[in-house]
Amino acid sequence: MNMQLSKDEESKYTRSLIEASLDPLFTISIEGKITDVNKGSIKVTGVAREKIIGSDFSDYFTDPEMACAGYKKVFEDGSVIDYPLTIKHSNGNLTHVLYNASIYKSEQGRVLGVFAAARDITAKKQLENQLEEFALLQDQKITNRTLELAQKVKELSEAKAKDEAILLSLGDALVVVDKVGKIEFVNKAFEELLGWTQEEVLGKYMVEIIPREDEAGLEVPFVERILSEVLVGKRITTSTVESKDPNAPIVILPPYYYIRKNKTRFPATGFINPILLGNKVIGAVETFRDITKEKELDKAKSDFISLAAHQLRTPLSAVSWYTEMLLSGDAGELNETQKKYFEQIYSGSNRMVEMVKSFLNVSLLDIGSTTIRIENTNIPDLFKNVIDEQQQNINEKQIDLTLEVAENIPMIYVDKKRIRMVLQNLVSNAIKYIHKKGKIRITVNASNEKYPGMMFFSVQDNGFGIPEQSKDKIFTKFFRAENVTERSTDGTGLGMYLAKNIIESSRGKIWFDSTEDVGSTFYVTLPL
Amino acid sequence: MHQINKKDQKIVLVVEDDIPLLEAAKLKLEKNNFYVISARSVERAVASYILESDIGKVTANSVEKVLQHLRDLERVDAIWLDHNLIGKENGLDFIEKFHANGGRFLDVPIFVVSNTSSIDLRKSYEKLGVKNYFVKAEHRLEDIVNAIKTVLG
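Heads up: the protein sequence lines correspond to chains A and B, in order.
1 is the number of the first residue of the first sequence in the working numbering; add one for each residue after it.
1 is the number of the first residue of the second sequence in the working numbering; add one for each residue after it.
The reader is advised that the hints may include incorrect statements.
What the hints assert, rightly or not - Here are the computed lysine to any residue pairs in the SDA-like style, where the Cα-Cα straight-line distance is at most 20 Å:
1) B:K123 to A:K295
2) A:K357 to B:S117
3) A:K295 to B:V63
4) A:K432 to A:T314
To be verified - Which chain A residues face chain B? A few, computed with CB under 8 Å, are given here:
5) V180
6) L316
7) Q398
These are calculated hints, taken from the structure and not from any lab test.
We put the beta carbon where it would ideally sit given N, CA and C, even for glycine.
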């Protein structure tokens, strides 16, 4: 190809290149006037060629000063790259551009002007603006969310603070442990009662740092602590005067003592509740309080009652014995009338003695649940003991009494004293309400088919029995059936009432079968 | 009335604080041919009071009384013992002091006749080896005396 083009052809060629560029091109004189433009420039400014040429370069920009400064920089530095400007079209449209400009010289090296090429970054800028807007919006959203969350946190903190305040202000000591028994929280009452601060006990094992011992001072081993048993999910059935609900929290039974930091001890009573998430035990909550004052009060009441009983019994014994001696003729033979009168006196004093005995028992019960003492009890042995007590009466009436104990009867956790009272009552009633040479049969067995998981015993006699009309009143206070009162045997009518009370508080049942003049059988079940 | 102690009469010491009951016990025991000595406190029962009282209060008569009491005590065959007595010491203290003499004193059958039905108290007495424990208000006088009679043969 012939590369030798004429000057004219060269000029035309160059021009066509300039016009072909999509970027707006300008040449600018030293005075800042536009000396040449291309189609792109005309398009972007919307001004005709004739008008543009000779006008000020800076006229076509939103920031004329910036534009001036721009081309002046080119003259100074020789070139400028990515200089941002905004071209305004005559119709108002804006085009954001970046200018690349440099000076051009003649062949001789004389500066002729500035050649500036604009790159349209409108779309890019728009995107940038959108992103900025978007970011702002996001920021706004985030700010709002943050505000919302802050509000929620504030509310929760307030609620938590409230709960903590409640827990802290509880009169009872409270301790929360995790599923292995480490202390997670204690309240103020705990700190005051035991002498440990929250910091000192957090993270420690409750059963280690707060030992528990019984009345005699024997420490309860960690694994036997009820807290430990609750944490492994054991359900302990125990006797309580208050609750018959199988889902009730487990009561720690008195008397037990907690040891303070300073090694002194105090009697306590309380509750332990497992913390459940679904069916899993994830911890436990224990509350307890110092019952020193209550114990002292109980002892005072108990001492008073013992004293009262003793004081009442002494004159009663005098009346009884002297009347007995009179009736025996020790002070001379009595006539029939005298005998009758003395018999009345004797009978009256006997009834008083029984009354004192029953009131003593009832008062002991009313003293309250804090004197319940649950211990491992051997029921057959208890029966034997009670029967021994009654031996004289049994011999006098020549009663045939048998005690049948099944094999492998386990010990059960009950209030020994109170259950003894019940057995005493059943046995003595059987002996009382029977003819001479009567038969009494006592059976004890456990977990038979009819009463699984229970201890079952019965006291059967072939005595007076209970008349139909009296049956539903047997367990009420002060009730004695007519067939019994007529036969002048003494009784206060409190025994059965007490028995029912005790058995039911121990989560057992007591009932009977009876036929008048044939005999009665009393049945008792107690949970194992 | 001062009963003459015949050689074959058994001696019963009654330690009881209440006078009417002490009298009743004495009456019934004497009716059953027992010779009865009595005291209302541990001090009097073991006759230790004479050592502690002021010299002025001690007379020949009181010394004679004490000596007689001690002579009878040495040969006592059975003891009727109440728990609550006059003074600070009770039935349990009496047994401790009585047994401190050793010898035959350890074998004398003791019948506790008290109005306290406390099971713990009963156990304490049983530990000390008493023959029987009666709750006064729940037993006929006759029956207690008969029990003593039976044991002494």
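Going through the hints against the structure:
Pair hint K123 of chain B plus K295 of chain A does not hold up; C-alpha atoms about 23 Å apart against a cutoff of 20 Å. Only pairs whose Cα atoms come within 20 Å are accepted, and K357 of chain A paired with S117 of chain B is accepted, the gap being roughly 9 Å. About 49 Å separates the Cα atoms of K295 of chain A and V63 of chain B, which puts this hinted pair outside 20 Å; it is violated. Among the hinted pairs, K432 of chain A with T314 of chain A is inconsistent with the structure: their alpha-carbon atoms are about 25 Å apart, more than 20 Å.
Because the closest C-beta pair between V180 of chain A and chain B is about 41 Å apart, greater than 8 Å, the hint is violated. For L316 of chain A, the shortest C-beta to C-beta distance to chain B is roughly 5 Å, which falls under 8 Å, so the interface hint holds. The restraint placing Q398 of chain A at the interface with chain B is violated, with a minimum CB-CB distance near 17 Å, outside the 8 Å limit.
Consistency note: the structure conflicts with the earlier hints numbered 1, 3, 4, 5 and 7.
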